[in-house]
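A.B. asks: If you want the building blocks of each chain, they are given just below.
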Amino acid sequence: MSLAAPRKERAAGARRGGTAPLPRRGRRDSYALFLLPGAVAFLLVIIAPFAMNTAWSFTDWQGVGDLTWSGLSNYRELFHDAQFWASFRHSLFMVLSMAIVPTVVGLVLAAALFDFVAKHYGSKVTTVLRACFYLPQVLPIAVAGIVWSWILAPDDGALNAFLRAVGLGSLQQDWLGDPDLALYSVMGVMVWVQIGFPLVVFMAGLQRVDPQLYEAAELDGAGWWRRLWHVTLPQIRPEIHVVLLWCTIAALKVFGAIYVLTKGGPGGATNVPSYFSYTTFFEQTQVGYGAAISTVLTVIILVLALVGLKAQTRAEDVEEGRAA
Amino acid sequence: MLTIRSTKHTRTRRVRALAAVGVALTCALALTSCGGDDDSGGGDAKTLRLWHYEAANSAMGAAWNEAIKEFEAKHPGVKVKFEEKSFDQIQKTASMVLGSDDAPDIMEYNKGNATAGLLSKQGLLTDMSAEVRERGWDKLLSPSVATTSRYSPAGTMGSGKWYGVPNYGEFLMAYYNEDLFKKYDIKVPTTFDELTTALGEFKKNGVTPLANAGAEYLAHQYVYQLALTKADRSWVDGYELKGKADFHDADWTYAAETFADWVKKGYIDKNTTSATAEKAGVSWLQQKSPIIFSGSWWFGRFQDEATFDWSSGVFPGASLTPGSGGNLWVVPAKSKNKELAYDFIDITMSKKIQNMLGNKGGVPVAADATAIKDPKSKELINNFNTLTKNDGLAYYSDWPAAGFYETLVSETQKLMTASASPEKYLDSLQAAYDKGVSKG
Chain A
3 MSLAAPRKER AAGARRGGTA PLPRRGRRDS YALFLLPGAV AFLLVIIAPF
53 AMNTAWSFTD WQGVGDLTWS GLSNYRELFH DAQFWASFRH SLFMVLSMAI
103 VPTVVGLVLA AALFDFVAKH YGSKVTTVLR ACFYLPQVLP IAVAGIVWSW
153 ILAPDDGALN AFLRAVGLGS LQQDWLGDPD LALYSVMGVM VWVQIGFPLV
203 VFMAGLQRVD PQLYEAAELD GAGWWRRLWH VTLPQIRPEI HVVLLWCTIA
253 ALKVFGAIYV LTKGGPGGAT NVPSYFSYTT FFEQTQVGYG AAISTVLTVI
303 ILVLALVGLK AQTRAEDVEE GRAA
Chain B
13 MLTIRSTKHT RTRRVRALAA VGVALTCALA LTSCGGDDDS GGGDAKTLRL
63 WHYEAANSAM GAAWNEAIKE FEAKHPGVKV KFEEKSFDQI QKTASMVLGS
113 DDAPDIMEYN KGNATAGLLS KQGLLTDMSA EVRERGWDKL LSPSVATTSR
163 YSPAGTMGSG KWYGVPNYGE FLMAYYNEDL FKKYDIKVPT TFDELTTALG
213 EFKKNGVTPL ANAGAEYLAH QYVYQLALTK ADRSWVDGYE LKGKADFHDA
263 DWTYAAETFA DWVKKGYIDK NTTSATAEKA GVSWLQQKSP IIFSGSWWFG
313 RFQDEATFDW SSGVFPGASL TPGSGGNLWV VPAKSKNKEL AYDFIDITMS
363 KKIQNMLGNK GGVPVAADAT AIKDPKSKEL INNFNTLTKN DGLAYYSDWP
413 AAGFYETLVS ETQKLMTASA SPEKYLDSLQ AAYDKGVSKG
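Sequence order for the protein chains is A and B. Heads up: the first sequence at position 172 corresponds to 174 in my numbering, and the numbers run straight through without jumps. Heads up: the second sequence at position 440 corresponds to 452 in my numbering, and the numbers run straight through without jumps.
Same shape as in the complex, but just chain B:
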């Protein structure tokens, strides 16, 4: 907006007198650098500026669209100004934007130490602990879901003040192509041993059993899940919350060796080293691989696009699995309409919106079990509820330190191509982890 306006402004000036261009440009640049606050709506309590990055056809996008409508109906005279941003855009510019006067009144933000934790530490987010208790949101969220909502003064999740509220949960699970299992007469696994048997059977039939993406999160999530099959809660807490991980312990060693072995045996295709997550999802949808182990965020899409019979479940034999509360609603410290922002969050936590989220293929945190109609969605939500009841959410492997994601991707690629041994792989992870945690 502003850029267009200043360009036009400059253009008219140029016609009048060439020499004045310098002055005009200086003005325009100065204006831009001030950020132009005439767009921001101000604290007039008539506009709620909202940012989120969920696609309109996703479960969250649909539910929140409905929440916006309901909010406007309940607040006559208040307009919600939704500004669509991309995940990347918010991820890379949040700290700068939230420090300026352009901060929105409420926004969706990625949870974790490196993201929401960092912002809370810098004082860019509003402490909403009082509001959470008053409106009873804490009672709707199970403790392992609420872990990512609370941050210590050092920005570490798990304890301290409330800086965000999630509307949904997410976790990793195995998606099985039932048709392919039937075709090769293989049993859909429920235990880890059955899984390894199934992997071997598929390979014998010339089918690569596991869909994978080396250039993104899928590959290192296999590794983390393998470690989790051996680990317990205190191991997870040490790794995720306390900055105390020993990558050469039995669990990590087992995970790295098993993963490398699966690649060697062809359970995971070496050719997926540079593949993206999108490609992995598509290869499962195209029935190239019968199993993909990835997030519940695929669920809605698979429901729409899979042309075969499929089912899903927690990773065979795992009581701990990667997962957490979903992304957070946060209220920037510079929000001009905090009260309206809280009202909006309250609506997103209402039964109506939560049920809608569930019926659209999301994982609601406070839905009515009876209101979910689709059997697949019911199973999904049940799996999630079982996990949270048993304290089984183990967060994600890239959370402990800012930038650890890149290290995990890059090092796991080396493990896949055998340019690093499991031992060397774990050495590199330990070095990056220690460095990241100490800087944290």
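This is chain A alone, in the form it adopts within the complex:
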């Protein structure tokens, strides 16, 4: 692929009799012009605020008035701040509920829909089911969050009412108000929110798997789970990489759901770095400290994304090497 284009260009240049370099450069310049809006927007919306935020993280500032340079003191404070570390611990739980569980469940569901439901009940049923699983992704998190907080409400919430109705009243809980439970309740909601995305990506990925592989495996006597493990999984590895990376990043920066469901409470039991940074920055007006939190968060996400991308590229290279 990569060799084809220059070869064609060379041929075209030769036909025009040596005048080729000029129009080519002209075309490249006009391409550069197309990149300009994106570059300007990137600079103004991403790079500049990030640079400002990083600069503020080295200061002691309340958002207005005098700004005092404080060097690394915000980072030192951060290092000893139990609340900050707790929020990061909660972040890991979020990764579990927003990346790992949805990926695993999404994979099984996608394979089941593609392989079993589509074959036995037709593509219409599959499409409807897929749409149902995807629905939470379409709902604004503010709406979904408020509805969930009604469902999980302690006295008149739907979940507790349901438990009462089926005679399991002893299992009723203050789902979002009990510090031992709140994080798990939020995690449950996040699995529900997230599941549609891996499902849709994996189903698309499954379309391009050669059906002969399944047939061969089936003839060799492989059951459904073994086909999933030995055929589906290796075949859609690139999709799995993308989904895992994407969802992990989403989990690390989760904010809306926490804001709507618990506001980090009760007693900080569901606090996550982005919400912690927000309250520190805007509500406590400790701009310097808030900026330090979000800078650390950004660096972690960036490192994670780079490592993930690198691992993916390496895996793909290995795969291609094997294919060749």
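Just so you know, these hints were derived from the structure itself, not from any lab. Backbone N, C-alpha and C fix where the C-beta goes; we use that ideal spot for every residue, glycine too. Each hint can be trusted.
Which chain B residues face chain A? A few, computed with CB under 10 Å, are given here:
#, residue
1, Q103
2, L130
3, Q134
4, T284
5, T429
Once you have looked at the hints, place chain B on chain A.
C.D. replies: Below, chain B alone, put in the same frame as chain A:
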């Protein structure tokens, strides 16, 4: 406005030449970042840009709407441009907006060290001391109401120059569902002992007596009020104004222990840990709890929505109770029409507007007692006047430091769920208080 305009602008350009989009976008972004001052009205003395965040059907909203009409009648050719903002919006962006050319000419702002105090320290508000004296507003406001209008150069309330003027007062009180008291044959309490007896009686009848909200201000206001039942004025001043609080003194210890005990005994439902203030108010309105201890800002709504007989009063046995002057009218330093802004404040302080505020369920600071017709409103205003006369307003527990509100909410949630003991609860409050006050 501006965003829509630049989008349209960009769109036409895109049709003409794709390559020009970059330039157009750059222009649009540059334009936005300049803030576009063509909307601001300028200092033409023809427009008064006013921001406030009171709902139109609240006492303040209604009274101020009337004040706007009167202002326009008295100033022919001047238009009031009211821009509705939310409390949160002003709270979170005030410092940025007031530093820019987009500042309004006059706005409502939250009182206290962490809010108006901070802005005054940063030089974002106009010192209106001369105007206050000249127009006699200082004579209309009692000293404990005026506390939140004056700030020292360090931004601490209570003394110094005048940076704001409140039109109304507010305080916390107990609202009683008289029907439920009658139903269970319990006496509406007037002393603290009667209150604890009533709480026990209700609980015995299977009713949770106190409405509460752990996710917002209600829970820690119970704690603060309990401390106030033991405290005196110098304790309040030390806590609120001087940054000297000892959370392990007898008063705080009593408050934390009593509150934890009330939760344990079921006077306060543990299930309200993550409840919002709105939910607490509604649970009182739905007659789930016979008592709610909260602000006078509920008064108008309760008057409209309660379907049962009710009464209100200062917390039983308390001579000190949380409360203060209401939110302030402030004139931003960058206001382009300061004289008009003062004229507007003057109208809001007039008898006509003040009486209207009182009749709508607000707590006016300068009303004619005889002009208030509704007996419930009369009682409310009397309670407030008694408190101010006896120097009984103790401000709010979250005032001493910026961000202390979050700490109070979060720590009181821990106290409610017993994940922190009263001792540990007070430790955490002390740490956050000391840190906040030193940064103040």
